[in-house]
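Visitor: This is what each chain is made of:
Number of protein chains: 4
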Amino acid sequence: MSSKGFMFPRTATGRASLLPDTPWHYSGTMLTLEYRSHPDRVIELLPDYLEPADEDPGAVAVIWAEWQNCRDDYSEILDPARSQYKEAFVVVRCKYQGETYSRCVYIWVDTDYAMVRGHHQGYPKKLGSIWMTRPITVGRAGPRLEVGGRFGASVSAYDHKLLHATFEITGDSDHAGFVNGHPMLHNRWMPAIEGDGSDSLYELVTMRAYEAEVGRCFKGDFELQIFDSPVEELTRLEPIENIAGYWREVSQSWRSGTTMRRRNLDEIE
Amino acid sequence: MSSKGFMFPRTATGRASLLPDTPWHYSGTMLTLEYRSHPDRVIELLPDYLEPADEDPGAVAVIWAEWQNCRDDYSEILDPARSQYKEAFVVVRCKYQGETYSRCVYIWVDTDYAMVRGHHQGYPKKLGSIWMTRPITVGRAGPRLEVGGRFGASVSAYDHKLLHATFEITGDSDHAGFVNGHPMLHNRWMPAIEGDGSDSLYELVTMRAYEAEVGRCFKGDFELQIFDSPVEELTRLEPIENIAGYWREVSQSWRSGTTMRRRNLDEIE
Amino acid sequence: MSSKGFMFPRTATGRASLLPDTPWHYSGTMLTLEYRSHPDRVIELLPDYLEPADEDPGAVAVIWAEWQNCRDDYSEILDPARSQYKEAFVVVRCKYQGETYSRCVYIWVDTDYAMVRGHHQGYPKKLGSIWMTRPITVGRAGPRLEVGGRFGASVSAYDHKLLHATFEITGDSDHAGFVNGHPMLHNRWMPAIEGDGSDSLYELVTMRAYEAEVGRCFKGDFELQIFDSPVEELTRLEPIENIAGYWREVSQSWRSGTTMRRRNLDEIE
Amino acid sequence: MSSKGFMFPRTATGRASLLPDTPWHYSGTMLTLEYRSHPDRVIELLPDYLEPADEDPGAVAVIWAEWQNCRDDYSEILDPARSQYKEAFVVVRCKYQGETYSRCVYIWVDTDYAMVRGHHQGYPKKLGSIWMTRPITVGRAGPRLEVGGRFGASVSAYDHKLLHATFEITGDSDHAGFVNGHPMLHNRWMPAIEGDGSDSLYELVTMRAYEAEVGRCFKGDFELQIFDSPVEELTRLEPIENIAGYWREVSQSWRSGTTMRRRNLDEIE
Numbered sequence: 071m072s073s074k075g076f077m078f079p080r081t082a083t084g085r086a087s088l089l090p091d092t093p094w095h096y097s098g099t100m101l102t103l104e105y106r107s108h109p110d111r112v113i114e115l116l117p118d119y120l121e122p123a124d125e126d127p128g129a130v131a132v133i134w135a136e137w138q139n140c141r142d143d144y145s146e147i148l149d150p151a152r153s154q155y156k157e158a159f160v161v162v163r164c165k166y167q168g169e170t171y172s173r174c175v176y177i178w179v180d181t182d183y184a185m186v187r188g189h190h191q192g193y194p195k196k197l198g199s200i201w202m203t204r205p206i207t208v209g210r211a212g213p214r215l216e217v218g219g220r221f222g223a224s225v226s227a228y229d230h231k232l233l234h235a236t237f238e239i240t241g242d243s244d245h246a247g248f249v250n251g252h253p254m255l256h257n258r259w260m261p262a263i264e265g266d267g268s269d270s271l272y273e274l275v276t277m278r279a280y281e282a283e284v285g286r287c288f289k290g291d292f293e294l295q296i297f298d299s300p301v302e303e304l305t306r307l308e309p310i311e312n313i314a315g316y317w318r319e320v321s322q323s324w325r326s327g328t329t330m331r332r333r334n335l336d337e338i339e
Numbered sequence: 071m072s073s074k075g076f077m078f079p080r081t082a083t084g085r086a087s088l089l090p091d092t093p094w095h096y097s098g099t100m101l102t103l104e105y106r107s108h109p110d111r112v113i114e115l116l117p118d119y120l121e122p123a124d125e126d127p128g129a130v131a132v133i134w135a136e137w138q139n140c141r142d143d144y145s146e147i148l149d150p151a152r153s154q155y156k157e158a159f160v161v162v163r164c165k166y167q168g169e170t171y172s173r174c175v176y177i178w179v180d181t182d183y184a185m186v187r188g189h190h191q192g193y194p195k196k197l198g199s200i201w202m203t204r205p206i207t208v209g210r211a212g213p214r215l216e217v218g219g220r221f222g223a224s225v226s227a228y229d230h231k232l233l234h235a236t237f238e239i240t241g242d243s244d245h246a247g248f249v250n251g252h253p254m255l256h257n258r259w260m261p262a263i264e265g266d267g268s269d270s271l272y273e274l275v276t277m278r279a280y281e282a283e284v285g286r287c288f289k290g291d292f293e294l295q296i297f298d299s300p301v302e303e304l305t306r307l308e309p310i311e312n313i314a315g316y317w318r319e320v321s322q323s324w325r326s327g328t329t330m331r332r333r334n335l336d337e338i339e
Numbered sequence: 071m072s073s074k075g076f077m078f079p080r081t082a083t084g085r086a087s088l089l090p091d092t093p094w095h096y097s098g099t100m101l102t103l104e105y106r107s108h109p110d111r112v113i114e115l116l117p118d119y120l121e122p123a124d125e126d127p128g129a130v131a132v133i134w135a136e137w138q139n140c141r142d143d144y145s146e147i148l149d150p151a152r153s154q155y156k157e158a159f160v161v162v163r164c165k166y167q168g169e170t171y172s173r174c175v176y177i178w179v180d181t182d183y184a185m186v187r188g189h190h191q192g193y194p195k196k197l198g199s200i201w202m203t204r205p206i207t208v209g210r211a212g213p214r215l216e217v218g219g220r221f222g223a224s225v226s227a228y229d230h231k232l233l234h235a236t237f238e239i240t241g242d243s244d245h246a247g248f249v250n251g252h253p254m255l256h257n258r259w260m261p262a263i264e265g266d267g268s269d270s271l272y273e274l275v276t277m278r279a280y281e282a283e284v285g286r287c288f289k290g291d292f293e294l295q296i297f298d299s300p301v302e303e304l305t306r307l308e309p310i311e312n313i314a315g316y317w318r319e320v321s322q323s324w325r326s327g328t329t330m331r332r333r334n335l336d337e338i339e
Numbered sequence: 071m072s073s074k075g076f077m078f079p080r081t082a083t084g085r086a087s088l089l090p091d092t093p094w095h096y097s098g099t100m101l102t103l104e105y106r107s108h109p110d111r112v113i114e115l116l117p118d119y120l121e122p123a124d125e126d127p128g129a130v131a132v133i134w135a136e137w138q139n140c141r142d143d144y145s146e147i148l149d150p151a152r153s154q155y156k157e158a159f160v161v162v163r164c165k166y167q168g169e170t171y172s173r174c175v176y177i178w179v180d181t182d183y184a185m186v187r188g189h190h191q192g193y194p195k196k197l198g199s200i201w202m203t204r205p206i207t208v209g210r211a212g213p214r215l216e217v218g219g220r221f222g223a224s225v226s227a228y229d230h231k232l233l234h235a236t237f238e239i240t241g242d243s244d245h246a247g248f249v250n251g252h253p254m255l256h257n258r259w260m261p262a263i264e265g266d267g268s269d270s271l272y273e274l275v276t277m278r279a280y281e282a283e284v285g286r287c288f289k290g291d292f293e294l295q296i297f298d299s300p301v302e303e304l305t306r307l308e309p310i311e312n313i314a315g316y317w318r319e320v321s322q323s324w325r326s327g328t329t330m331r332r333r334n335l336d337e338i339e
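Here the protein sequences line up with chains A, B, C and D, keeping their order. Just so you know, we're using this note's numbering here: the first sequence kicks off at 71 and counts up by one. Just so you know, we're using this note's numbering here: the second sequence kicks off at 71 and counts up by one. Just so you know, we're using this note's numbering here: the third sequence kicks off at 71 and counts up by one. Just so you know, we're using this note's numbering here: the fourth sequence kicks off at 71 and counts up by one.
The following block holds chain A by itself, in its conformation from the complex (with noise of 0.2 Å):
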């Protein structure tokens, strides 16, 4: 028997598989805070075939989202804790052949489809401990889309925190920032099972989200806190000036994406 299933465990019906078929959906609020980091802490993060930016090479993406999401008979809708997650992630851009892309270098979330869904994308995910403030619309406990109204957010791993954020809108925007405004331009990696150094994936992948929608969208004042960690190199990732912050309500579908490049077993870096 063929066994059935986007992602494993591949089985005779495909119900078990921890993907379901694309196309996925989501909709969402996002918190997106822009810094200037040193280019070379830029650059160290990129393949030697991809080059950095040609202006603003430093400029880094630090990202909070608060998703629900669902495939496309909205199943997860009606059994919420498989339809919401959190993810924090960090973003860089590159170049490759001429174009400019956006590229994830860091990022964690809170369940086990987002973040295999996430590798199938070329995301590095990782499990953490998300948490963002909500906009409120009645009483006291937190702010409103308006201007003075502040935010927080946090990621930690492993019970070692990672970032802290807050956040405070000045005004409206009609945009996002420009540091994840690009297709992104990721690696697909897993390693031989021979262990030998070599990988049997080895790709270089290119995707974009259709049908995104943008809601209420709101720029802002920030300040970043980057903690260590024994397994995490975020702090690497220095700020040395904050550009501004964002936030927005924002939903997208995804299907699928493009293989740029693909490199055979046996070819050596």
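There may be inaccurate statements among the hints.
Pairs involving identical chains hold if they fit within one copy or between any two copies, as the list cannot separate such chains.
List time: in silico EDC-like cross-link candidates among lysine to aspartate or glutamate, alpha-carbon distance up to 16 Å [claimed, not checked]: (1) Lys165 x Glu114; (2) Lys74 x Glu114; (3) Lys74 x Glu319; (4) Lys74 x Glu303.
Quick caveat, the hints were computed from the structure, so don't treat them as lab data. Given the structure is predicted, the values throughout are model-derived calculations rather than measurements.
Got chain A; can you put chains B, C and D on it based on the hints?
Guide: Frame of chain A, contents of chains B, C and D only:
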């Protein structure tokens, strides 16, 4: 030195107290599902000095709430790991000295401060895993706040599923039902350390929030499933007939309540 | 109907009570790290009717414990989600009416029943993420219970790291230190619902376990790091000098304690 | 610059890699429950180039494991939040080119590194909440490693209970069953980013641990309950007849495996 702190631990500075001084502020969303159970199953949950409500004594409300909350200086809002929590609870009505009250008979939350804050207020809080679908404003991954919007909600504790519900908006509403609308009438109990069956603390208290504000409010149809667990008895409150469901935005502040009755330690029930 | 249950919720059957009737049985392992802090920092944690210990009044024990536990019918043992938990706590000594007692001033646990059981016993329990290395009997992934065996331990709460320690066995021991060896002397507090600064429950209680049994027991050297948090004040108990560390297997049962002092509600401290 | 790291994220230093370089060391305990299901339900889980085992083709092992683990420098052992995890998995047997293999068809773990380490090894790992009773050496709160010792074990995922088992020791054993005793034969799959139904990575790999060591080992009787979930299909592996259960201490190290078969991207299954 006199130790400080609203709640334990009480220390020299009071900073470590599990609860800050009142008032406490809450903003969030609530899903309320009202149904009729056997009146006897409601009555058996009341101490013998409380009577059932005159009308519809078997009415039960199962409520999910997702909160952001803070003390009076709003400090938690910028550290959202300390300001967001969810809870699910079961409310019935009772009468005492001729007045009708609401009374929470079961409740699960997911943070320690919300749990002990509840104990202070006479809510019999346990920990649980609580989920409720959020409405969306962009994209496809969730319901809109409009007729036909569909939500899910669940509670589990110690890996035993306790409740699962679905709700569909059928129209606007100017209220959120009648079961949870009275002042609360709760017991605060602490068994004596001697373990002799007596209580060191035995109070009947009443309270209500102040500055309660209601945002958008909808009514709808629902389906509710109640599951068994070795350490719960929710299935005794078996639904006979659904009344109605409600989804609303809500905020409130809470400062204090009133002790209605206090039992001497020697008194026998 | 008279409602049943050792602890809330009290119901017709008592099955849903967060705590079963005593006795409660515990089997586990404990890592105890004793050090000297400034005596003033210990004294400031004591209500004014308690005195510091005569000797070594600045002595502090930081203790990690990993437990399996059950009620008298052992029912939790076959549902281990309900029988296993970890805790970490800070103990000092004090004197009352000429006797020396141990007193827990800070404590974190990871289940609701252990938290509220602690509240019943006067432990000021909060929730936390607690870890301690386990000894091994086969292979390489951990320490053996022998000289040179090295252990780690940590506590965090609300994504703020609070404590991290390492411990290395230097030899056998026939005891586990002197700070946590006395009967416990705790307060049980519940602020009045009126929020007027008075307490509805204000007791001084003492207790100790019965049928305590000690298995293998070792002493060793340790390093302890204490971190700050917006809602803790552990760093006030700054270590000046390490005394010694201990690792041991231990079991105990607990049934009840004795009320030493009870304050009338009108009494002023 | 050439990016470093066994697994993503690959960086300038390699420190942030979700997995360290092999070898990896494990010490722990395993509970293995073997039963017979319908052979067709085992066969339907195998790709069509794998055959069922010659004897007892419907045999299934459900296994719980609690591990401490570390990389080759033992660094995780002193930060136990990064060294302890639990997993539960379902193993069947199959034949390939005349040899009999074990094959994991379902598995849940509770840390990200163990999950992705499994993906590297072809284990179809998801996240779950996993519990297994621990034996005790002092006191009453658990089983002893002796005849009559009783254990419980459970798995749930997304708040849906999947498995619950009880096990009672009936005697010593010099083995832990036959289903999980062969080299593992796993697939490593990664669907192409194009979402066209093809796989970018499609390998059949085999591996086994080295330096495996077994400590105390017992056999016993068991009861196993399998529950349904919207995103699992474990109930298809319905037990017809129990074979036997085993509890043992075990350690192993893992370095690498061997690729048996690799599919070109254009090949059709």
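Visitor: To test your reading of the hints: which numbers does this structure violate?
Guide: Hint 3 alone not satisfied by this model.
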